[in-house]
Structures are given as C-alpha cells and as structure tokens.
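Q: So you can see what is in the structure, the chains are spelled out below.
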Amino acid sequence: MRNKQKTEELLKRDSRIPEDSAVFLDRLSFSYEEDSAKLLDDVSLDIKKGQVVSVIGHNGAGKSTMAKLIDGILEQTGGDLYLFGVRMTDQNALLLRKDVGMVFQNPDSQFIGATVKDDIAFGLENLSVDPKKMDGIILACAKEVGMEDFLERSPETLSGGQKQRVALAGMIARHPNIMILDEAGAMLDPKGKEQIRNIIREKKKRNPEITILNITHEIDEAYEADRVIVLNDGKIVLDGTPDDVFTNDKLLLSMSLDIPFTHKLVAALRKRGIDPGKINSEQELLEALCR
Amino acid sequence: MPIVLEHVTYRYDVKKPESRPALLDVSAILQDRSFTALIGQTGSGKSTFIQHLNGLLLPTTGKIDVNGYLIDMSPVYKKTRHGEVLDDRAMKKKHKKKQKNIKDLRKKVGLVFQFPEYQIFEETVLKDVCYGPKNFGKSQKESEDAAKEALTLVGLDESFYNRSPFELSGGEKRRVAIAGILALKPEILVLDEPTVGLDAEGEKNLMGLLSTIYSKGTSIILATHNMDVVLKYAHRVLVLDKGRIVSDSTPLALFQNEDFLKNSSLLPPHVFRFAMELIKKGLKLDLANIRDADSLADEIARVKESKQ
Chain A
320 MRNKQKTEEL LKRDSRIPED SAVFLDRLSF SYEEDSAKLL DDVSLDIKKG QVVSVIGHNG
380 AGKSTMAKLI DGILEQTGGD LYLFGVRMTD QNALLLRKDV GMVFQNPDSQ FIGATVKDDI
440 AFGLENLSVD PKKMDGIILA CAKEVGMEDF LERSPETLSG GQKQRVALAG MIARHPNIMI
500 LDEAGAMLDP KGKEQIRNII REKKKRNPEI TILNITHEID EAYEADRVIV LNDGKIVLDG
560 TPDDVFTNDK LLLSMSLDIP FTHKLVAALR KRGIDPGKIN SEQELLEALC R
Chain B
5 MPIVLEHVTY RYDVKKPESR PALLDVSAIL QDRSFTALIG QTGSGKSTFI QHLNGLLLPT
65 TGKIDVNGYL IDMSPVYKKT RHGEVLDDRA MKKKHKKKQK NIKDLRKKVG LVFQFPEYQI
125 FEETVLKDVC YGPKNFGKSQ KESEDAAKEA LTLVGLDESF YNRSPFELSG GEKRRVAIAG
185 ILALKPEILV LDEPTVGLDA EGEKNLMGLL STIYSKGTSI ILATHNMDVV LKYAHRVLVL
245 DKGRIVSDST PLALFQNEDF LKNSSLLPPH VFRFAMELIK KGLKLDLANI RDADSLADEI
305 ARVKESKQ
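Protein sequence lines, in the order shown, are assigned to chains A and B.
So for the first sequence, my numbering puts the first residue at 320; every next one is plus one.
So for the second sequence, my numbering puts the first residue at 5; every next one is plus one.
In isolation and in its complexed conformation, chain A is listed as follows (with noise of 0.2 Å):
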C-alpha cells in the first residue's frame, strides 16, 4: 500500500502542463561539462499525445541529446522535463522511462543480449512480462521486423540493419506510449526503410495515442509527419507543418540540410533560365517540363 502510495507520489501530474501533452520541455539545456558549448540551450517544447513529429537538424544540431534526454539516459543541465505532465527527477526517472522506447542510430550500441532473443527478452524482463508468456510475445515481435528465423543468432553474426530490426522489435515488445526512432531506418535498404515505417504506421493506426518522434535526415521520411522540428546549434529554429518547413529552402541548405527534391530541381533549373512556375508538386513539375 505504502508502494503504491509513494508510486502514485513520484507519478503526480503538475496541474500548469496542458493535459493533452506527452513531452514538454521547460528551458531545457544539456552540456557534457560545466564550461563547454551546449548541445542543446534553452529549449522550450510541446509535443501533444498521438503526435507524429520529425526532427531534423545536420550532424551535431543537438538532435540526438535531445531523444536521450527524453529517455533519461542524460540528466539535463538546465530547465525542466515533463512526460504527460509528470516533471522527470532522479526519484522518478525509471517509473518514467517505462513509457519511452527508443532504437538507437548505432545498433551496437544498444545490443545486450548474447542473442537476438535475448536481447528482445531484455526489456520484458525489466517490465516484469509473465515469463510464460515471454517467448509468444518475442516471436510475434521478431515476425513484425522480419527477423524470426534469426532468434538463436548471436549479434556478430548479423548485419547493421539486421541489429536495428532486433532494436526495433525489442521496442515494440514494450508497447511504449512514447517512441523514439534515432535514425531508425538508416542501415536499411529502401524497401526495408519503407517495412519500419508500415510497422510504426501500423501501430500508430492500432493505437493513435502513440506519440513519435522520428529523427531522420530524409525529407521524404520527414515529410510524413504531422509536425517538423528543425534544431541547429541545440537551439529550434524552425517548428511547423511539413509544408511550412519545407518552403524554407534558403535557410535549410545554409545549416546543411537537405531541401525536397522538387525544390532542389527547381532552384537548379531556374538558375538555367527554364522558370517552370509556381510549383507545389512533383506531377505538377513534372507536367509544367513537358508542356
């Protein structure tokens, strides 16, 4: 009783968070030591419960501090934290933590078990899953990632994208209300690309409040979301619709960002002197060339 009391304490909403929100970031900043440059300075967020938002920023912009900070892998050096309106402590970091799955740009760097099934077992274990009926629930999730002939397999026998479905599926496994993918998708081939994002459109359909927050260097990819966030130099510099992201060419090849590939052609062929005119999608350029 006095368990569940102290958990329910840990656990207490703080009534200025709106209640529709899932993460929200008060002034949060992060450095490795006292003196050195911010990796993420001063930054203030919302991201509402059942949102899809994609980060984007060029290497070092700050957006992986960010994922991990909202995992509670590093403590935060400034500002607050808040999971559906639970501030994160040092008390409550773990209870907190149980709704956060998050697969990792590196699959190395979070494989631990000496086997596929093993390392899918990890995190079951850690929510205390029935261990009966482990076994049933790995499966299912290693069929979702197409890796269930691979479940005796030790991690040196597989391939980078092999280990980033494994992580995949050891996040599934957990059903977490909060989904991080760090670049998910990278050591995949396209059509493997495209397979996680049927997985994770799949569970979003089963369960719209799952919030999501993709970092990704694909437009494409970003392009899917309701909302994208652009940081550079651990700050946001741009956070909108995809629509309204994206007209930003200017400003996103100066922080070394990608641009649409529509945009990209029509910046290249104006530069020609062949102006196709306004332009708001790929048919419509396409057709504007072959008029």
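Incorrect hints may have been included.
To be verified - One-sided excerpt, in silico: chain A residues whose CB lies under 7 Å from chain B: (1) Thr476; (2) Gln481; (3) Leu576; (4) Pro579; (5) Ala587; (6) Leu605.
Said to hold, decoys possible - Here are the simulated DSSO-like pairs of lysine-lysine, each with C-alpha atoms no more than 27 Å apart in a straight line: (7) A:Lys590 - B:Lys20; (8) B:Lys220 - B:Lys189; (9) B:Lys189 - A:Lys462; (10) A:Lys510 - B:Lys246.
Just so you know, the hints here were simulated from the structure itself, not pulled from any lab data.
From a predicted model like this one, the values you see are computed outputs, not experimental measurements.
Ideal Cβ positions, reconstructed from N, Cα and C, are used throughout, including at glycine.
Guided by the hints, dock chain B onto chain A, whose structure is given.
A: Then chain B, alone, in the frame of chain A:
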C-alpha cells in the same frame, strides 16, 4: 592492383551445417583503379564480403588473391573407396593456420567500418591518426608525417591536431577515422556504409573526399544503401542477394533494368525515377548524363534548347 575472388563461400557458424552461408560461391574481379559499389538488402552479405578483402574474415572455402597475396581456402578432397570426399581434417588445418604476413595485406587494403568514429580512442586527433602507422612499425616522425598528410587530404588542418576527437562533430570524427586508414597509404580503400548518419552537407563532403582519393589512384569499394551515391559516383555496381552476386553492371544499366528491380529490394534514386518519367512523357533526355538534380537540370536545358 586487382582483387580476384574465386568461389568464395563463408559461414559464420561452421559447426552448424544447416546455417545459411553469408556468402555463397562468390566469384568476381575488382579491377585496379575502379570505383565499385556493393549493394543489396540487409543481411545480403555486403559487410561479410568486404571483410574478406583485407583478411579480417577468411573464406570457409574459396580463394582470394589481392595482387599476389593469396588466401587459399579451396576445398581439399581425400580419396575413399567410393570416390572423393571433402577432407574435413585438412580443411580445419587450413582454417587454423594463421595467415602469414597478414599485415602486408592490411597495408594494401584499408577497411573503414560502419560508424568508424566509434573506434576513435586517442586523446588527440593527431595521436589517433598516428596509431595505425606506428602499429605498422613506422617511427614517431614517419607516423606523424603520414598522419598530417592524411589529415590534410580529409580536409582537417593543423588547428585540429591537438583537439580531442570526441569534441568534434559526427562528420569530422568520421574524417579522423578515415584519415587513420589513409595514413597507412592503402592501394584500395574499402568502406562499409560510409554515409550513414551524415547530414546532406556531411555526405556531400565525404563523397567529394572519396572522389579526390580515387582521382589520386586509390581504388574505392563501398557497401551502401544510398542509391544517390551509387548513381553519382560508382562506375560499377555489384548486387548481392542472400550471399550471391546477382547482378554486375553499371549504375546506369542497373537502374534501367526494370524487370530486375521489380523482383529486388532496390529502388533507383529519386532523380533517376523522375528522369525516367520525363522520358516516358516524351522528353528526349540522355540518362547517361544524369547524376543528380544539377545534371538533370543541365540535361533538361540541353533538350529544351535543341527543340528551339
């Protein structure tokens, strides 16, 4: 310096005969001064293939010849009453035998792993890049000279020498890691997914660097999922599927082969697909001239001008 692979098969777990080979009967000649891309879906054998090129993995069976450096794991047969069978004992001996002078091979073929920046460990950039040459028996002075030359090549000037590699950006760290291999002056540079995790600018800079290295006479072999890179830079592309080479052609031929692509996990780059659509709609573009959005714009301009 060509690399010749003859009937190379590799199993990660030789003790389990039922295990699927990661490479199966692969034969190929990788010519001197070539820029070759290795593509194929996750687990198709790309990383296994390239780890054979500098002897990090030895074939379970088959032969690899790197300009006279021979790794021979071709099967040995023994005679029995019923004919010839594989001599397991002799094969085991071959596998146990440590390859002599493997360092000579590693000097010729430099291998850059996936996420090479995770292998950086020294406290300064210069020390980290010196590590390879020193390990290969060079003096401090020779190692430093080689390291400085390699760092210049990757675009890191002397202001980086005494900095901690850990405070650099992802793209810079990767440059340090590549410099560590270049300091060994390899004749062939092999890279596993070199552009993964880099932003657009980082990717452009890194591929520009590889083009420079290639133009100075070093062969480049890279495993990648990045089809934009394949189209823009590679001269030859090998497609691996379940450990076998299923296609060996130019990027241009591969990306036009619709029947092959339909049954594979591959997708031509966006720019190529768009150019194909324009051609289908009647624009007479020459696909051979198209490498990226800029060259497509050039080609569209050329066609529009010739019409007038």
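Q: Going through the numbered hints above, which ones does this structure break? Give me the numbers in ascending order.
A: Violated hints (numbers, rising): 4, 7 and 9; every other hint is consistent with the structure.
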